[in-house]
Every structure is written in C-alpha cells, then in structure tokens.
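All chains, please: the whole structure from these sequences, using the hints.
Protein chains: 2
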Amino acid sequence: MKTIYVENFGGPEVLAIKDLDLPKIKDDEILIKTMAIGVNPVDTYIRSGWYSGSKIPYVPGFDASGIIIEKGPKINDFNVGNRVYCFKSVSGTYAEKIVVKQGQIYKLPDNLSFEEGAAIGTPYGAAYRALFHKGHAKNGQKVLIHGGSGNVGLAAIKLAKSLNMIVVATAGSEEGKGLCKEAGANLVVGHNIEDFKEEILKFINDGFDIIIEMSAHNNLKTDLEFMAMYSAIVIVGSKGEVPINPRNLMSKDARIMGFVLFNAKNDELLDIHRNLFELFISKRMKPPIVGKTFNLRDAKEAHALVERGSYGKVILKPDN
Amino acid sequence: MKTIYVENFGGPEVLAIKDLDLPKIKDDEILIKTMAIGVNPVDTYIRSGWYSGSKIPYVPGFDASGIIIEKGPKINDFNVGNRVYCFKSVSGTYAEKIVVKQGQIYKLPDNLSFEEGAAIGTPYGAAYRALFHKGHAKNGQKVLIHGGSGNVGLAAIKLAKSLNMIVVATAGSEEGKGLCKEAGANLVVGHNIEDFKEEILKFINDGFDIIIEMSAHNNLKTDLEFMAMYSAIVIVGSKGEVPINPRNLMSKDARIMGFVLFNAKNDELLDIHRNLFELFISKRMKPPIVGKTFNLRDAKEAHALVERGSYGKVILKPDN
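Chains H and G, in that order, are what the protein sequence lines are. Using the numbering used here, the first residue of the first sequence is number 1, and each one after it goes up by one. Using the numbering used here, the first residue of the second sequence is number 1, and each one after it goes up by one.
It cannot be assumed that every hint is accurate.
Which copy is meant is left open, because identical chains are indistinguishable; a pair holds if it fits in one copy or across any two.
Within a straight-line C-alpha distance of at most 27 Å, the following computed DSSO-like cross-link-like pairs (lysine-lysine) qualify [said to hold, decoys possible]:
(1) K252 / K221
(2) K252 / K138
(3) K239 / K197
(4) K161 / K107
(5) K55 / K252
(6) K292 / K88
(7) K221 / K239
(8) K252 / K88
(9) K138 / K265
(10) K101 / K252
(11) K265 / K252
(12) K252 / K239
(13) K18 / K300
(14) K202 / K74
For the record, the hints were derived by calculation from the structure and aren't laboratory data.
In structure tokens form, the structure reads like this:
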C-alpha cells in the first residue's frame, strides 16, 4: 500500500511516497481504508525535526477518516463497514490503510463527509479541550479567540457559538476575517494589537471570561489587560518567551493554562468526541470548513501550503 | 476610644494615635472589644500609598481578635461575650473597639489565644485559598512553598502538613529556615535559585504538584521547570514583570493562578474559616507562631519591623 514516509527530518521535500506491506492487525486493533487525511501544522513541526521526542523513519499524521475493513477479535464497539475518523494511530495516517487501537477512533456522524471527518481530530479536539476542559466555558460567557482563522480557531469559534457565547475573533487577513465571520464570530478584528485594542474595548468593556491564545509569545502580556474577574487564558500555541505582570493575574483572580492534546487521557478524549458527535449530528454546530485537497502523493505541496498559511482544512486523499 | 489614624500616606511615622468617638452599630453590625490586632505586610503597602484604590484619612488594619460587646438586632449567629477574630471590618482594626458585619467575623477556637487569633485572618485565609481553592491540594501531593518563612508561608506549610503533603520550603535566613522546619516542612532550602535547584531536584525529581509563590517576579520562570504534569503555580505575591516560556505550561498541562484574598466571595471565606476552625480545634494543625507584640500606640515601630522583615506574627495590643 502507498504511504508517505519520512527518512530524514527537513523541508516538505522529505515527504516521499513509498510502498509498504499492508500491516497486520493485532487482536485489539482495527484496520481502516483511508478516505481522507487531515494535515495539521504539528505534522510540519515534527517533519522539520522541531520536536525533540520524534524518531525517524516514520509515517506522518494524526488525523484521518475512512471505513473499517478489518477488526481484531477483542474489538466490540466497532464493526467492519463503519464510517470512522481517528485521532492518532498505530501506523501513521498518511497512508492508504491505517492501523488504530480502540480509543483512537470515533464514529463519523452520518451527515459529515469523509473530508469533514478528517478535519475533526486534532483541531476540534484541541478547541474543545481549550474551551471546555481547560476554560470551563459556560453559556453566555465572553470569549476572545486570538488567532481565529486557523483550523483550531475556527473550531473554537463554532464550538463557542453552539453554546451561545459572545465571540470576538482576530485574524491577519481579509480572507481569514471572512472565515471567522462565516464560523459565527460576533466581532472580527485585525491581528495587530494596536489596531484592535480600542475596537475590542468598545465592544466588550468589562473583559473576557476566556481567551483562547494561538500565539502566546506575542499576545500574553496584552491578554492580561483584557481579562474579566475569575477568567482564564488558555494557551494553544506559543513559540518563545514573553514577559507578563503576575499582579494582573492576582487582581483578577485569573489563571493562565497551557495544554497539548497529546497529554489528554483516554476518558477525556472520549468525552470530547462524544460531545462533538452530538453537536454535529444535531446540527447545533456546522461542519468543518474544508480548504484545498491534494492527492496523498502530493503531501509535499500540502505541507508547503500549510506552512505558507492556508484557509480551511488541507486534506490529502489516497487513490483507493 | 484610641485608634491609629492615617491622614496622609507615607512612612511608618504617619501612623498617629487618635481619640475617636465610640462608633454606633447598625442593625446588622457587631461591636468588638479588641484584644489583639494582626499587622500584615499589606497594611504597610496601603499606608505607603502604593495601592491606587486607597483613600485617606482611615483607620488601618484587617485582622484582629476580641470579645463581642454589642450586637445589632439582625445578628443571630453571634452573641455578646463570644471570643471572635475578624478578617476585614467596617471601621478598621487598629482600634480599641471595632465595628464588623457578619461575614467579617469567625468564632475563635477555645484552644487559641487572642494573639494567635489575630494571626489567622489574612495569612491563614491567603494560605488556605492558595492551597485549596486555587491549587486544589490533595493528600500526599508535593508542594513547594517558595518564601516559606513569612506568615502566609508558615500557614501554608502547616496547612499542607495537616493533609500529609510533602512540603519543600525556601527561606532567606537561618532564622527563617528554622521557622519553616518548626512549621513542619520536610525540606528547607536557601532562597537563592542557584543554591537550591540541585538540592530540590535530589529530593523531588519528578516535579511539584503545587508551587505557592510569594515572589513571582523573581521565581516564576524557574518555577515552570519544577512542575509535575497537571500542576499549578499559585501566585500570592509579585512586584514586577517576569519573562515566562508558555511552552513549559503547555507540555505539562499546567496552570498559573493569581488571586488576592479581597476578591474572595463571602461563601468562600466562610468555607475557609470553617475548615480552619476544625483544623485548629482538633489540633490537626498547630497554632500560629506569634512574634513580637507592641502596644497599639507603637504601631509605627510595628510597621517598621514588618518592613525590615520580621519572624512570626507581629501583634498590636490595645490598653483596654
């Protein structure tokens, strides 16, 4: 079967197509025929060698959707023919077939396409964990999604709106602002702090209950000035140090929380995806926005696009 | 009645003794004959004019203990003759008599002296809130009390030990280290990061579940390196900016929390003092350490001592 295979860390060009033997599943494993694969920024970080724990060679990817074609005798909750999506896998998701364990796959709602399903795992998992497991978001609260036009940001906007929260989002371009509006943000403003500070304070003058922060190294210091009493800043992304004034946290009884989705426990992931299923199937939440689709063999181009900055979910599709 | 009265912000010398009329209580108020008054660092900050919200003239002080001598008709939970201590008051606590509302006073455990009672309000309130309301401390967890020899630090050490936590405390002097040991810390190390880093890592190599931080502007960056998975840094004090690396929070799914005790709601304060009562009366926790005692009229000297750095609780006593 065709896979993408990385033998050395480096630029997008290290994503080579390779024929590997069809993997054999163990008693507690499931084999999926892949229909769509989600490309995430984290895939590009790992490919670059930026993550210290990563090992070569490997098949990249965490997200995908497809149809179950084989299951081990210890699997009771899924059947051959089920439409599913995964977050994490045993074998890597940039492949025509994927081996997963239970706890890595979830039923795909009937009203979502495979492309939409491949867009759920990492971005919706991260957005749900940020808003609810970390920020303890409640109906009617005010939330700032700082960096709203990426896939985690768009998922966070939709999740927040599904709970009638008041959502302010920031984006860097007109196209990004348009996506935030489409996702349901009440107010969308330019990324640059100088631009948006006054605009935000006109709209919300008593601070945000939750700030979802995609770029903490740039914004954390200013975020502290936008906080309401008892509020939370949840950090989804950061690339360096940032000075903060802890007295801002003290006077607001506020908190700064960090997380990576890979630290989430199995029961927490199950909670996330059970709730996402309900939101999608009930149509209380619109499906993910799918952007450009590439053939699996063109993973190089897909990574190059994600690194330049893409709009909507970048998807790979195998030939099968 | 004699009070301490501040007409202008400034050094300890602005704490003048003054005769004021005995205040009249309203229907929902209580009059206390003061037996001991607790001096807190925050009293010196307010006296200096460092707090923007403060107004002159005023009677200083938040903590005191005494005996109820009069109560309004709407007060049901307390009676004349009750031994009580307060946190906050209507009239200021540096006085021979104090007016308080319900929600500002608590019954003094029979086995505590008035001096010990005057040492509870602010320091034990802050330590309890830091450890339990913010840090969600659990039996057997590992806690670093960074700045353990002050009154909040010593209270935090005792509270943590009453729950069988493993406590590492830092202090700047031999006298301070001795107090931390006496309060029950398992390991006491020098304040200076260079000194203690290795010593701590030898004792606890998988990080702390909770760090109680009295000096965030100095230590927050390094604290992040001492954190266990899912841990919390709770900031009790800070005097300036500090650079942090948010990725340290992300990789540990950790949080930084700030608070000031004045933001606590009435039901939260009741919870704190109900639990403190149980801990003191059951002798699961030793009484507060009382340091030097001054006459009320010598409040100047008491503030000067607190500003130099004192050991144990500094107390004022009125003549009555």
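Among all the numbered hints in the text so far, which are the ones the structure does not match?
-> 14
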